[in-house]
Amino acid sequence: MFDFKRLAMIAFVTCFAQPAAANHTDGDVKRGEQVFKKCRSCHKVGEGATNRVGPQLNGLYQRGAGSVEGFKYSASMLRAGADGLVWDHVSLDTYLENPKSLISKTRMNFRGLKDANDRADVMAFLRQFSDDPSDIPEAAPTRIGTDHAVDPEILALQGDPEYGEYLSSECVSCHQIDGADTGIPSITNWPIEDFVIAMHAYKDKKRVHPVMQMMAGRLSAEEIAGLAAYFEKVGQ
Amino acid sequence: MKLNRRNFIGSAAAVSATLSAPMVMAAAHGRPKVVVIGGGAGGATVARYLAKDSKGAIDVTLVEPTRSYYTCFFSNLYIGGFREFSSIGHTYGKLAADYGINVVHDWAIGVDRDAKTVTLAGGGTLPYDRLVLSPGIDFKDGAVPGWDVTAQQKMPHAYKAGSQTQLLKAQLEAMPQGGTFCMVAPPNPFRCPPGPYERVSMVAHHLKANNPTGKILIVDPKPKFSKQGLFQEGWANHYDGMIEWVGPDFGGDKVEVRPDMMEVVIDGEVTKVDVCNVIPAMKAGKIAEIAGVTNEAGWAPVHAATMASKADENIHVLGDSSHQGDMPKSGFAANSQAKVAAMAIRGALTGSKVFPAKFTNTCWSLIDTDDGIKVGASYEATGEKIAKTDGFISKTGEDAALRKATFEESIGWYDGITSDMFG
Numbered sequence: 148m149f150d151f152k153r154l155a156m157i158a159f160v161t162c163f164a165q166p167a168a169a170n171h172t173d174g175d176v177k178r179g180e181q182v183f184k185k186c187r188s189c190h191k192v193g194e195g196a197t198n199r200v201g202p203q204l205n206g207l208y209q210r211g212a213g214s215v216e217g218f219k220y221s222a223s224m225l226r227a228g229a230d231g232l233v234w235d236h237v238s239l240d241t242y243l244e245n246p247k248s249l250i251s252k253t254r255m256n257f258r259g260l261k262d263a264n265d266r267a268d269v270m271a272f273l274r275q276f277s278d279d280p281s282d283i284p285e286a287a288p289t290r291i292g293t294d295h296a297v298d299p300e301i302l303a304l305q306g307d308p309e310y311g312e313y314l315s316s317e318c319v320s321c322h323q324i325d326g327a328d329t330g331i332p333s334i335t336n337w338p339i340e341d342f343v344i345a346m347h348a349y350k351d352k353k354r355v356h357p358v359m360q361m362m363a364g365r366l367s368a369e370e371i372a373g374l375a376a377y378f379e380k381v382g383q
Numbered sequence: 042m043k044l045n046r047r048n049f050i051g052s053a054a055a056v057s058a059t060l061s062a063p064m065v066m067a068a069a070h071g072r073p074k075v076v077v078i079g080g081g082a083g084g085a086t087v088a089r090y091l092a093k094d095s096k097g098a099i100d101v102t103l104v105e106p107t108r109s110y111y112t113c114f115f116s117n118l119y120i121g122g123f124r125e126f127s128s129i130g131h132t133y134g135k136l137a138a139d140y141g142i143n144v145v146h147d148w149a150i151g152v153d154r155d156a157k158t159v160t161l162a163g164g165g166t167l168p169y170d171r172l173v174l175s176p177g178i179d180f181k182d183g184a185v186p187g188w189d190v191t192a193q194q195k196m197p198h199a200y201k202a203g204s205q206t207q208l209l210k211a212q213l214e215a216m217p218q219g220g221t222f223c224m225v226a227p228p229n230p231f232r233c234p235p236g237p238y239e240r241v242s243m244v245a246h247h248l249k250a251n252n253p254t255g256k257i258l259i260v261d262p263k264p265k266f267s268k269q270g271l272f273q274e275g276w277a278n279h280y281d282g283m284i285e286w287v288g289p290d291f292g293g294d295k296v297e298v299r300p301d302m303m304e305v306v307i308d309g310e311v312t313k314v315d316v317c318n319v320i321p322a323m324k325a326g327k328i329a330e331i332a333g334v335t336n337e338a339g340w341a342p343v344h345a346a347t348m349a350s351k352a353d354e355n356i357h358v359l360g361d362s363s364h365q366g367d368m369p370k371s372g373f374a375a376n377s378q379a380k381v382a383a384m385a386i387r388g389a390l391t392g393s394k395v396f397p398a399k400f401t402n403t404c405w406s407l408i409d410t411d412d413g414i415k416v417g418a419s420y421e422a423t424g425e426k427i428a429k430t431d432g433f434i435s436k437t438g439e440d441a442a443l444r445k446a447t448f449e450e451s452i453g454w455y456d457g458i459t460s461d462m463f464g
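Taken in sequence, the protein lines are chains A and B. Here the numbering used here is used: the first residue of the first sequence is 148, the next is one more, and so on. Here the numbering used here is used: the first residue of the second sequence is 42, the next is one more, and so on.
These are computed hints drawn from the structure, not numbers from a lab. Think of the CB as a built atom: it goes at the ideal place given N, C-alpha and C, for glycine as much as any other residue.
Pairs of lysine to any residue residues, derived as SDA-like cross-links and limited to a Cα-Cα distance of at most 25 Å, are as follows: (1) A:K247 / B:L443; (2) B:K445 / A:T329; (3) B:K181 / B:F291.
Away from chain B, derived, C-beta distances all over 10 Å, residues of chain A: (4) C189; (5) G193; (6) A196; (7) N198; (8) G211; (9) K219; (10) A222; (11) S223; (12) I301; (13) D341.
According to the in silico footprint, chain A covers these stretches of chain B (three or more CB under 8 Å from chain A): (14) 406-419; (15) 445-453.
Based on the provided sequences and hints, a complete structural model is requested.
The following block contains the structure:
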């Protein structure tokens, strides 16, 4: 089943990971048309658009996943649609960032748009071709943050820093304990909530890094809470 | 058995520790002693974690013959000209000064398991409550006909980093234009599965810039090798036509070398080469054999949850020397195992909490400038072995930005793991 709360959370995770790009959800239609060149060999949009290698993209917003008549979808995509996945700003943003992280066996052979601005722009472009462009992004004051839509039970867990310290020995094979961030990001002194949200985003394969998906994938919510508690204070 | 932090086995460990003596003795007769043999990714890490986490409650001695330790990981990047040799060298000053570890620069030549002592080449004797062996690898005698360690100046292995690595690089740089660099690759299992193929990539990188008509010949007893698809794609992209790989179908498993003649004989056919990098079949470092903890294949079987030898509960074996299950022999793996062992040893000697063992490994390789790839997995301890739980590998056809990010990640990892080893 798709957990739409989680999906919503990811949009915010993306935001806090790149606070400088806070306005990316507004999207630039003209630039989006340029970005869409990457998609055009498989997808048509606009008047008279037909299915090609990929389905036509008119009316994409608020369309159920896998629902264009006459197009042969992957079983994964059909299942997602049957489970209730609908294309809106949040689900598209997640899908476009890394298609296979959302629809594991999608036939769309595209590695994804890593740049949040690229995604926002191409979505702004595509939104023109939907009759009812609902779910336009929230206004700036509410769309950024870390307290949205994460299972409150997960956020409420009190992590054991001693356990976190033991578990951290796996993290510091790569991440430097002194907070240096060459090549590999710093993970020290994050607010607990940000840390927990980011780790669950990896665990749920919404954030894309394969090492981190693996590392987070086998950590329980309690273990993630322990790590967050330990790393928040380390070195202070 | 699935454990969580609420039913950790600290109390059980404390009981066994009392039975094997040191806890009570610790109070009356000084701190429990751990001797660590080998100052690489396994040994340096276990020594540092024992000293750090026991906060001085354990007396840690690290026995390592060299004062400057050169990491095998990233030594290929030195051969390719991407790193200075000095950048892969490390000393033990911080482990001694900041962590209070007794660092002894000497060879361990004997282990008396009954008396629980280690004999040093310099004549000293070190008593231990727990002994950790992390001696890396040695080469099997006669593995490549015509080659033994007396031939290593003419045909270097360069598979223990240091002067051998420098020698191989010097030979590569002196290779005549249009000459042939031959690598005799090792059979499984061996240290750093992608290592020989990363090395070939680095040699090719050097040749492309300095000796573009030079050739590389890989003679390999294995039908396939680590990250093969990724390497072969990269070789075709960057070094088209330069690298020839001869697998067992074409005699790669029937090789003999003649160091004095600089000849390689593949399935009876003689080839003249200019540089020959012979990486023979491997076994555990010699001290593991001396301690009597190795099996017929030459590796030391261990219990997955503690890295304790199956032959002696007071000896732990880490990294390349150990026979543990699914993990590859790598610096990353040794570092990961060291933390599990440190926790188990502390639990046994001081009664500290013991959490469930978790292991990880990632191996990055560089194919050419900014073209990095990786493979990795996570593991857990089962009753029989260290068992793989999940994994990933770079994909063929990845774009340049991702490959560059992967390479940069490996540089970050190098800084991370070397700080984790040496403080």
